[in-house]
Amino acid sequence: MSSASPALHPLDPQPAGAPTDMAVHLRDVRRVFSGREVLGGIDLSIPPGEFVALLGHSGTGKTTILRILSGLDRADAGTVQVPTARSVVFQEPRLVPAKRVWQNVVIGHDQNRPARETAIAALREVGLGQHVDAWPKTLSGGEAQRVALARALAVEPDLLLLDEPFASLDALTRMRMHDLVAQLWERHHPAVVLVTHDVDEAIVLADRIIVLNAGRITLDVRVNLSKPRLRTDARFGTLRQRLLDELGVISQPARHD
Amino acid sequence: MTDALATLAEGASVARSRAPAGGRISRSPQLQDLSPGEARSTRWRQASPWQRRATRLLVPVLILAAWQFVSEAGLVSTYVLPPPTAILAAFHELIVTGELQSAIVTSSARALSGLVIGGSLGLALGLFAGLWKLGDDVFDGPMQMLRMVPSIALIPLFIVWFGINETAKIALIITATAFPIYLNTYAGVRGIDNKLIEAGIIFGLDHKKLARRIILPTALPSILVGLRYSAGSSLLALVAAEQINARSGIGYILTIANQNQRVDIIIAGIIVYALLGLALAAFMTFVERLFLPWRTDIVLG
Ligand SMILES: Nc1ncnc2c1ncn2[C@@H]1O[C@H](COP(=O)(O)OP(=O)(O)O)[C@@H](O)[C@H]1O
Ligand SMILES: [Mg+2]
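Protein sequence lines, in the order shown, are assigned to chains A and B.
Throughout the first sequence, residue numbering follows the working numbering, covering 1 to 257 in sequence.
Throughout the second sequence, residue numbering follows the working numbering, covering 258 to 558 in sequence.
Calculated directly from the structure, the hints in this document are not laboratory data.
C-beta atoms are modelled at their ideal positions from N, C-alpha and C, and glycine is treated no differently.
Some clues are possibly wrong.
Going by beta-carbon spacing under 7 angstroms, a handful of chain B positions derived as facing chain A [what the hints assert, rightly or not]:
id, residue
1, Ile449
2, Lys452
3, Leu453
4, Ala456
5, Phe460
6, Gly461
7, His464
Straight-line alpha carbon distances no greater than 30 angstroms define the calculated DSS-like cross-link-like pairs of lysine-lysine that follow [unchecked claim]:
id, chain 1, residue 1, chain 2, residue 2
8, B, Lys452, A, Lys227
9, B, Lys466, A, Lys99
10, A, Lys227, B, Lys466
Start from the sequences, fold in the hints, and give me the full structure.
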């Protein structure tokens, strides 16, 4: 389905000679906030179905890239091409408290019977089949975030953007979410950009890891480890050390914050 | 195992006895029993509903009894403060003649028509100013200024403009009710977290759907708080408006009673106003329960 070339949707009027077989095509993308250049020329192409993790310290422009990819923000210069069908899971669930869980999942659809069926199917996929008619306020943090994931999947995206979606979850829930995301990605195969500052999370999930430093890409590596990836694997440790070095972190243990 | 425990226990008692010596010696903490059924504070919660209802009536009944006693013992002249039985008799008189029923209908109609018109006006302006920049620029400034005018101060002006008939009364209630719902609607719409709106945009909602599916449902609690305030204001304005030459309604009963020095009927009229207020408040609670099933904490204006 989504591994075929997605319909590209230029967010920038500039018609660039973009390779149309890419799900994401960024060329020399710049973003300036009040005179300060936050993105200083980002080049990034992501083929359909690739899982990319975007690593970087806080304030390096990860969210800014994601907002540009999602269309919520516009670049000041450069080329931005993304699929029309894209969705986002934010750091917070961002559910409408006045709408039942299923209505939140299909918030963009006409809210009729077929939409409810779609919602139920998506909720079952994230293991929330029993909470279809619940109110968002009654959910735990992890459950609410899974509803957000179901909502993102219900639109069958070609590009799924995840902005630190697990950062506020406890460690156990987060590991379960990793498995869930991996499963869902296997099944639906959208291109994914996962923003995180958790190095282990990036290695466990991604095909490719990109490190952002002060608004520029400073490392772009492929993760050639077979799945499931075990933290105890020596090559896991090597890659982790390399990423931590790139991030300028001295010690080894993964950060969980 | 047992030895170790014994040693620990011994250590603890030693520690306690040595406590004044300072350092990192822990005193045994004072304990509080929170087990169910034990603590005395929970005993009353287990009282039967009947016991609790009876208890709620305790103070009102005592007051009524004292009131009756004061009148009958001649401590206060029954002319100044007629006893509760006299108030009951006044109610009886008003009901038998049918005055009370027609007065309640008339007064409620005034309050409700004013509330409906003023509430709709406030809601419409609040939505317009909340949702559209243009509405904000055009209406919010004037509304924020006008709300500072106490509506009762407008009575002389309205008498000049509308005369002393129904129009002046309804106009007063409209002005009193439009502002609370305007302010709360505006604040409710403006106060919506931009993050929710962003999520809506991501999932393909256009402006109309954003308003219908996200903004209005999320602002509804605030709008209903506004409605509750407006309902309260409508009664205040009703009482004030009915001081203007009322020829029907509860205000009329009060005016006549005043002329005839019938304190019992005056008190009965005041009680009717209070009952109308209670009925409105109960109705609003019902509306909130109906429209805000997702709210666990229902806001009482
Ligand atoms: N709307 C904005 N206005 C001004 N500055 C912004 C805005 N959004 C982000 N920034 C700044 O851009 C930088 C990068 O932010 P962000 O992309 O959120 O970083 P992160 O990598 O932590 O997600 C930060 O210094 C932030 O203060
Ligand atoms: Mg961020």
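**Request:** Of all the hints given earlier, name the ones this structure violates by number, lowest first.
**Result:** 1, 7, 8, 10
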